[in-house]
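S.K.: Sequence:
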Amino acid sequence: MEPEAALEFVKQGATMLLLDVPQNTLIGIDTHMFSTGPNFKGVKMIPPGVHFIYYSSSNREGNEFSPIVGFFVDASPSEVIVRKWDSKDVRFVKLSEEEEERYAQAVKNLEFDRQLGPYALDRYGDWKHLSNYITKNTIGSIGEYTAFTLSLNVFDNEN
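Throughout the sequence shown, residue numbering follows full-length UniProt numbering, covering 1 to 159 in sequence.
Simulated from the structure, these hints should not be mistaken for laboratory data. Only a predicted model underlies this, so the values are computations on that prediction, with no experimental measurement involved. The reader is advised that the hints may include incorrect statements.
Said to hold, decoys possible - Keeping only pairs whose Cα atoms sit at most 25 Å apart, straight-line, the calculated BS3-like set for lysine-lysine is:
#1 K88 x K128
#2 K11 x K108
#3 K11 x K128
#4 K94 x K84
#5 K136 x K94
#6 K84 x K11
#7 K88 x K11
#8 K88 x K108
#9 K11 x K94
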């Protein structure tokens, strides 16, 4: 992608800023998952619309993971959504409006740009197809920040 086009995606797309995420945590958005390193702070260039954010914390070695937990957001163009890792409750929490605005301004000034992974735009069509019937009203009826726990036994070979 040309640098000018990428910068336009950064400015027009939403950003999910995730603070204090422990290393080796699995973080996903829609159909794309990241394993966090020491510099990971979230995802940029997120197309507007409904998205599913999910995560699974790990032990120090990064070889055992908790159940996957997630929540829906309805991202607006250029919106910055900020969450902070709460190590006591092992989940993401909202910040105060003042803190969120301060971090949002820093994101818009590109202060976190190098620490944000790009949204997998080549997979967006798959997500759009999967989430076609999830609307802002649907999210509103379940609560935008309601956590869902997913259990996937894809690595269970004993069954």
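S.K.: Hint by hint, where does the structure go against what was stated? Just the numbers, ascending.
M.R.: 1, 7, 8
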